[in-house]
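Note that the protein sequences, when read in sequence, are chains A and B.
Heads up: the first sequence at position 67 corresponds to 66 in numbering that gives the first Met the number 0, and the numbers run straight through without jumps.
Heads up: the second sequence at position 101 corresponds to 100 in numbering that gives the first Met the number 0, and the numbers run straight through without jumps.
These aren't lab readings, by the way, just hints derived from the structure by calculation.
Careful: at least some of the hints might be erroneous.
Claimed, not checked - Pair by pair, the computed Cβ-Cβ distance ranges are:
{"hint": "1", "chain 1": "B", "residue 1": "A90", "chain 2": "A", "residue 2": "A120", "range": "46 to 52 Å"}
{"hint": "2", "chain 1": "B", "residue 1": "D87", "chain 2": "A", "residue 2": "P57", "range": "26 to 32 Å"}
{"hint": "3", "chain 1": "A", "residue 1": "S60", "chain 2": "B", "residue 2": "K137", "range": "36 to 42 Å"}
Said to hold, decoys possible - What the simulated footprint calls covered on chain B by chain A, stretch by stretch (three residues with Cβ under 8 Å from a Cβ of chain A suffice, anywhere in the stretch; the number is not a length):
{"hint": "4", "stretch": "102-110"}
{"hint": "5", "stretch": "128-139"}
Note that the Cβ used here is the ideal one computed from N, Cα and C, for glycine as well.
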Amino acid sequence: MTEGRLLQGRCLCGAVTVSVRSEDPRLRACHCDMCRRHTSSMFMSVDTDASTLTVEGPAQSYVSSEWAERGFCGTCGSTLWYGTKHDGTRHLAAGLFDNAAGGPLTLEFFSDRCPSGYELAGDHRRLSTKETIEMFTDADATDE
Amino acid sequence: MNDVTHLTGHCLCGAVEITVSGGHDPRPGICHCRMCQRWSGGVFMCFEAPADAVSVNGDVTRYASSDLAERAFCPVCGSNLWMRNTDDADASFELMPGLFDAALDWPLRSEIYTDNAMAAAQIGGSHPKATRAEYEAKNNYVKGDAG
Ligand SMILES: [Zn+2]
Chain A
0 MTEGRLLQGR
10 CLCGAVTVSV
20 RSEDPRLRAC
30 HCDMCRRHTS
40 SMFMSVDTDA
50 STLTVEGPAQ
60 SYVSSEWAER
70 GFCGTCGSTL
80 WYGTKHDGTR
90 HLAAGLFDNA
100 AGGPLTLEFF
110 SDRCPSGYEL
120 AGDHRRLSTK
130 ETIEMFTDAD
140 ATDE
Chain B
0 MNDVTHLTGH
10 CLCGAVEITV
20 SGGHDPRPGI
30 CHCRMCQRWS
40 GGVFMCFEAP
50 ADAVSVNGDV
60 TRYASSDLAE
70 RAFCPVCGSN
80 LWMRNTDDAD
90 ASFELMPGLF
100 DAALDWPLRS
110 EIYTDNAMAA
120 AQIGGSHPKA
130 TRAEYEAKNN
140 YVKGDAG
């Protein structure tokens with residue numbers, strides 16, 4: 000089944016293109032140390048139907064932990080995705096899509112690890128380090 | 000504002016280590032132009048350090064994102080490392096604050112291209128802000144893909 004809106008995005012140099020469907024392109028931000036190191040600030044992803052994803056071009060993957068891998072363009076270095084190894088799901092970077100596909104920010108992970116100099120405005124849900132870890136532990140990393 | 004503290008940072012996998020010895024501006028700036036959004040994946044941030052203060056250990060890939068500047072990243076893990084003007088051999092580095100633990104408590108310097116920020120990336124605070132038009136009236140910029 001293919002439902003939802005078709006989203007098409009690309010990296011900075013254009014060598015990597017992605018196509019995916021989403022019924023609700025809401026956004027999530029993660030302030031964990033690994034996401035911050037990888038992106039310069041925080042990792043922001045768009046919620047999409049991972050089974051509809053196609054990626055073309057010189058995308059590379061770096062296995063960043065026992066459970067996750069991170070995609071980037073081998074030509075320009077654009078951040079592409081955060082992937083979970085157990086199910087192969089790739090959470091696509093918001094920046095690939097114009098205005099992040101128009102989605103609202105709904106959730107911040109590791110909100111207490113956000114550097115003190117800035118914050119994401121809004122009344123979205125904010126999960127502390129403890130709450131983030133509990134969520135993934137309880138839900139067996141199903142990410143909902 | 001200058002700070003002479005010695006800083007050491009590294010990319011996610013550790014293959015690239017960057018040291019800043021000497022003056023740097025310990026305040027990240029945010030850019031919401033379309034190029035910076037595409038590269039960072041969301042919210043681009045950088046802080047300035049003079050070329051003679053920066054030393055880099057490890058292999059780095061440089062991508063010429065325009066006639067004006069390069070963007071460097073770790074070819075192993077893809078971590079964003081810096082942006083730097085290429086029309087001047089002495090150009091400062093605009094380093095990614097995420098590489099440095101010391102940057103966790105730095106205040107923001109500024110935010111530009113605010114009118115192009117994602118709806119989901121509205122930054123709170125009273126730091127100086129400039130829209131695309133306000134920024135481009137005073138600075139060099141890449142025509143076409145900024146908005
Ligand atoms: Zn690219």
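Checked hints:
1. A90/B / A120/A: 46 to 52 Å: This hint is violated: roughly 33 Å between Cβ atoms.
2. D87/B / P57/A: 26 to 32 Å: 30 Å, holds
3. S60/A / K137/B: 36 to 42 Å: 40 Å, holds
4. 102-110: Held - the stretch 102-110 of chain B has 6 residues with a Cβ nearer than 8 Å to chain A, which meets the minimum of three.
5. 128-139: Contact hint for the stretch 128-139 of chain B vs chain A: violated, 0 residues under 8 Å.
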